[in-house]
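Engineer: Here is what each chain is made of, one letter per residue.
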Amino acid sequence: MKRLTNLFVSSPHSRAGLTTNQVMRAVCYACLPGVAAQVYFFGWGVMVQIFLCILVALISEAIILTLREKPVRATLADGSAMLTGLLIAVSIPPLAPWWISVIGVSFAIIIVKQLYGGLGFNLFNPAMAGYVVLLISFPVAMTNWMPVQQLMTYDISLLDSIAAVFTDFTQDGYSVTQLRMAVDGITMATPLDNFKTQIDLGLTASEITNSPIYGQYGGTGWEWVNLGYLVGGLLLLKQGVIRWHIPLAVIASLFTLTLISYSITPDLTLTPMATLFSGATMFAAFFIATDPISSSTTIKGRLIFGAIVGALIFMIREWGGYPDGVAFAVLLANLGVPLIDYYTKPTVYGHKGKA
Amino acid sequence: MHSELSLIEQMRSGKLWDIPGGIHPPERKSLSNTSPIDIAPLSPIYYVPIKQHIGNEGDLIVSVGDRVLAGQPLTNPKEGLSLPVHAPTSGLIKDIILHVSAHPSGKPETTVVLESDGENIAIANQPIPDWQNKPNSELIAHLKSMGIAGLGGAGFPTYIKANPTKNVELLIINAVECEPYITADDVLMRHYAQEIIQGIEVLQHMVKPELVVIAIEDNKPEAISAIEKVIVDHKHIEVRVVPTKYPSGGEKQLIQILTGLEVPNQSIPADIGIVMQNIGTCFAIKKAVIDGEALIERVVTITGESISRPQNLWVKLGAPISDLLTHCGLVPEQDQRLIMGGPMMGFNIMDIMMPVVKSTNCILAPSEYLLPSRGVEQACIRCSLCADACPVNLLPQQLLWFSKAKDHDKLEEYNLADCIECGVCSYVCPSQIPLVQYYRTSKVEIKQAKEDKIKSDKAKERFEARQERLERDKQARLQRHKESAEKRKKALEKDNSAKDKIAAALARAKAKKNELAGTTAEVENKTSEANIPEVKTTDTQDRVAAAIARAKAKKQQAALNSDETKPDKTRTDDTKPKDIKAKGTEVVEEKVQTTEPVSAEQAKKDKVAAAIARAKAKKLKEAVEPAVSNVEEKEQTSDPVSAEQVKKDKVAAAIARAKAKKLKETNETEPKTDNTSSESIVPPVSEQMSTDSKTPEQIKKDKVAAAIARAKAKKQKDQGEQK
Amino acid sequence: MYTLLIALGALVALTIIFGAVLGFASVKFKVEADPLVEQIDNLLPQTQCGQCGYPGCKPYAEAIANGDDINKCPPGGEATIKQLADLMGVDAKPLDSAHGEEDVKKVAFIREDECIGCTKCIQACPVDAIMGASKVMHTVIIDECTGCDLCVEPCPVDCIDMVPLNDTNWKWDTLAIPVKNVN
Ligand code: SF4
Ligand code: SF4
Ligand code: SF4
Ligand code: SF4
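Which chain is which? The protein sequence lines are A, B and C, in order.
Residues 1 to 355 in the numbering used here are what the first sequence lists, from first letter to last.
Residues 356 to 1078 in the numbering used here are what the second sequence lists, from first letter to last.
Residues 1079 to 1261 in the numbering used here are what the third sequence lists, from first letter to last.
Careful: at least some of the hints might be erroneous.
[What the hints assert, rightly or not] Listed next, the in silico DSS-like pairs over lysine-lysine satisfying Cα-Cα at most 25 Å (straight line):
(1) K829(B) to K808(B)
(2) K345(A) to K765(B)
(3) K1160(C) to K808(B)
(4) K798(B) to K352(A)
(5) K765(B) to K798(B)
(6) K765(B) to K352(A)
(7) K1160(C) to K462(B)
(8) K1213(C) to K798(B)
(9) K813(B) to K1213(C)
(10) K1184(C) to K802(B)
(11) K1136(C) to K829(B)
(12) K805(B) to K1136(C)
[Claimed, not checked] Chain B residues, not near chain C, derived (Cβ > 12 Å throughout):
(13) N480
(14) E593
(15) Q822
(16) L825
It should be emphasised that the hints constitute simulated quantities derived from the structure, not laboratory data.
All values derive from a computational prediction rather than experimental measurement.
For every residue, glycine included, the Cβ atom is placed at its ideal position computed from N, Cα and C.
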């Protein structure tokens, strides 16, 4: 005998589209093109970091959930912790020591996410908050980016990467600092970092970008990484996981501001295209700023939020003390979200023309 | 603002607008819209709820055992918003019961149970052949008596809408049918286009719009061509094909799509010169006016993947759903869901004896595979998919937050009241949150809170009025006291012997009381003789209190030992306690007894006797605490003239009862708690007696003390239970 | 030295300007609020039951205004405590169970054939919700009854019951009827 369902359910009696778990996973998958480019240019260290960060993220989430007496398995399955781990992993230097990752990820999960009430309640983007804590606490380790592999004298294998992350030395005994020496014996930095330093030394933009660390548009390798994240982001857009407002607003405002700056002081500014394709621009526009929980929820609000993020990135890169300002820009914009949301409430049906 | 002319001009130009949000769920209409409309077989039993529409139900005009014919009215509508219901077929009224209603709650409602005789004989039709020449009022009365209600969803009485108080420019006939699965209107248009247009003509005559627009979704090409065919020579009727999108069939949404106008908040469409009717209603109007038939059947779509022969049926109102399911062949899967209405706004059918009513357009038995139900609710990730999809531009995620926090002010600020409960937000929510359910609950809670507020305001008013009155009475009483005291003084001066008399009476009363206390204590505390002397010398209130405490403790011990409840024990002892009672220490009893000789009728006497018996029983229960009775007695005897005596008695009695109750309760609890509880009772008692003044504040205080005592007793009981 | 003076001067100027603005705003945008006792009284359920230890809601409102605890009103329950906490700017705390527990809404019902017409309940009722006269049957006006329970105790023949109020507002939550099997 078959029974009628005895659950009382309020309408609607169906649903469609991705579930939250699927959304989180979709974002992880969409990172793959960018991650692939990173691995190609920066070696296996990226994969080591990803593995390490996701593991730490899951463990710290599980611990907190147990302490808070929340369902552990079901919540871990929503993939949000995994995503946070992944986002931090791709943001930190590939050969950063292991404790950097552990501190950053556990801070992000435990303090920024769970102490604010868990999924859906965090005011700040956990990944970026974790990243910023690391950047402030360990500025040296956090800016230790490898030059792209193709410019390096030493080839780093997977085992080398693992050894470097956990012991600070490769199998052959090179330290990470030694590895960063390029052919000409000059310590390499990220293109944005390098640019900033050189400008301060009084060089002009065109002189600086002649260096081999700059490619056609952005930094060598970095342009491909950005392209990878752009592709992933477009996939997300197509799937309906993210909406176009925030990425477009970020890119548009960053581009416009750089263009203005470039046309006024071409000697002191990277070209607008270079700006878009270096650093973490695309990653920020499609993967960080679009984090639903900490970004604005109204349509107008999303446009404003994106524009603020873009503008802040520009300002920090141009005038700030850090070469790339994505994390700070996003966190600062997060702060404004409640206000933005409040003032961009859409007009409800039938309330037109009323105050 | 649109000028009056431009609205119609715009309409004629055929321009369409869009609504924000909306979704495109799988339609699955082809399941049921291919076959013509069949007629459902006669059910053996019909359940006709007397309320099938918005407004008041009518008064029943049939009774059990009556024979009725099809179309015969069963109720007589009341004044105001009210409609009759009619017998769906001929037969016998078997019963009038509370039967599960066609409502999400299934709350039982008054229902006429009609046993069909299988003949289906109808009463004579009452058509109005020359309706073109009839005044509106007559047609409206006719629509009312035929029980015509909106067949679209809410079931709003049609005669109200057909009688607009304002000038109507545009009459919209809603044939959008945007809910998936449902095809009732679709097939009705395909097969009864001519009749529908006739119904629209009647409406045109009544409402007098400049233009009639029939809105049909573009997924019903057959229906569109059928209607277009019959309106060729109607200059003022147009068909407007609207793009398929849910919920474009909502009244406000459809107006927005067709006119670009929004019905202002807290207004109705008629305020902007628009009236909307459902297409099925037009058919019912035609039936009522031109054919003279009451609304006793409608088209119902029976569909879903678990139905083996999905189709549209003419179903007589009141037919139980089980019969329809059997007719169409329900093959249930595990945990089969049955839904009345569509998948977006319908509700679970929890009982298949639920009847079909005027607003039932669909019975849906979907499969879990094709219409997956919502999974486990997760945290809102503020993705705002819901906000993007909401057709009225609400922010569902914020509403959810405030609903959970029960923040009614914020909910109103974020316009919860404008939510049309379309279900779009829940449909798209990745976290599978039953948003609409939260909103519905909140809406009811807000309504409840408002009702409570009205009630508490009323209570406050009454309370204050009463306080004022009591104050007035008190002043008046004081005045009287003063006067009578003066009088007494004068009288005393005249005759000293009166004073002696009073003194003698007081002395007697005191002696009696002591004796009484002694006896009672004796009766109650056979085990402790030592108590008696002390009780006898109850000069100071402290001693009384102490005695009470001891007596109580003893009582408890005794009760626990003998494992008997106290009242029983005292009753079985002998008649002494009753004798004591009979001496008339209690006001009530005395009062009641004095009524005895006065009352003439025996019946009354019996009643009084019963009351006395009850009162005695109650007293007896209280007699477990003899000393408290003493207190009462003392108060009575020592202050016989006081007008406030009654009140004080009441307070004292309340305390006594509270104590007695508590004592009983503590006896029921573990012995551990006994001592502490009996001790804790003492201080209030002595306090009570020592502060025996007559100020109104005092009375208030007494009352409060009694209330606290009650609360404490309750708490102790609870604690006892917990232990 | 000079810079110090400038800084000091600027600070003083700012202080004066902001002070003026604030002062102006407080005068200009002053909100006319009800007296506190009124506001508190409006939040209390007006059951007038006295369980809080005061003879009615208004006296309790006065007591709260004078600093009494906000968690003494069982009929209002957690909801009222929360509102009071918001109003008074203090933390909400659980209901003080010494005063009773939160219960479903009830109204008094007099079993009329047992009523002896003693008028005691009439005197007890804080909102005059009982009708009747001496020695004739009494009855409760359900719409006016606040469910305060005060009339139950005084009744000498125990003919008053507190019956749960039939709640007409269904809250979309419970199953009203059992589910039946099909086929
Ligand atoms: S149910 Fe209410 S909140 Fe949800 S989409 Fe419909 S109108 Fe908007
Ligand atoms: S769709 Fe669901 S998860 Fe997304 S914002 Fe709305 S309620 Fe939250
Ligand atoms: S306990 Fe009773 S009298 Fe006191 S405030 Fe609450 S409802 Fe009013
Ligand atoms: S009738 Fe009884 S319960 Fe109701 S308000 Fe009056 S005293 Fe209270």
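Engineer: K1160(C) and K462(B): Cα distance at most 25 Å?
Structural biologist: 32 Å, violated
Engineer: Taking the minimum C-beta separation from L825(B) to chain C, is that value above 12 Å?
Structural biologist: Its Cβ does come within 12 Å of chain C, the nearest being 10 Å, so this is violated.
Engineer: If we take the beta carbon of N480(B), is the closest beta carbon in chain C still more than 12 Å away?
Structural biologist: For N480(B), whose nearest Cβ neighbour in chain C is about 38 Å away, the distance exceeds 12 Å, so it holds.
Engineer: Is the straight-line distance between the alpha-carbon of K798(B) and that of K352(A) 25 Å or less?
Structural biologist: This hinted pair holds, its Cα atoms lying about 23 Å apart.
Engineer: Does the structure keep K1213(C) and K798(B) at a Cα separation of 25 Å or less?
Structural biologist: 46 Å, violated
Engineer: Does E593(B) clear chain C by more than 12 Å, comparing its Cβ with all Cβ atoms of that chain?
Structural biologist: At about 40 Å from chain C, E593(B) clears the 12 Å cut-off, so the statement holds.
Engineer: Given the hint that K805(B) pairs with K1136(C), test it: the Cα-Cα distance must not exceed 25 Å.
Structural biologist: Measuring from Cα to Cα gives roughly 20 Å; hence the hint holds.
Engineer: Quick one, are K1160(C) and K808(B) close enough, alpha carbons at most 25 Å?
Structural biologist: Judged against 25 Å, a Cα distance of about 16 Å means the pair holds.
Engineer: Given the hint that K1136(C) pairs with K829(B), test it: the Cα-Cα distance must not exceed 25 Å.
Structural biologist: 20 Å, holds
Engineer: Verify that the Cβ of Q822(B) lies farther than 12 Å from every Cβ atom of chain C, and report whether the claim holds or is violated.
Structural biologist: Answer for Q822(B): violated, closest chain C Cβ roughly 8 Å.
Engineer: Check whether the Cα positions of K813(B) and K1213(C) lie no farther apart than 25 Å.
Structural biologist: The hint is violated at about 29 Å.
Engineer: Need the status of pair K765(B), K352(A): alpha-carbon distance at most 25 Å?
Structural biologist: 20 Å, holds
In the structure shown, a violation is registered for the earlier hints numbered 1, 7, 8, 9, 15 and 16, in ascending order.
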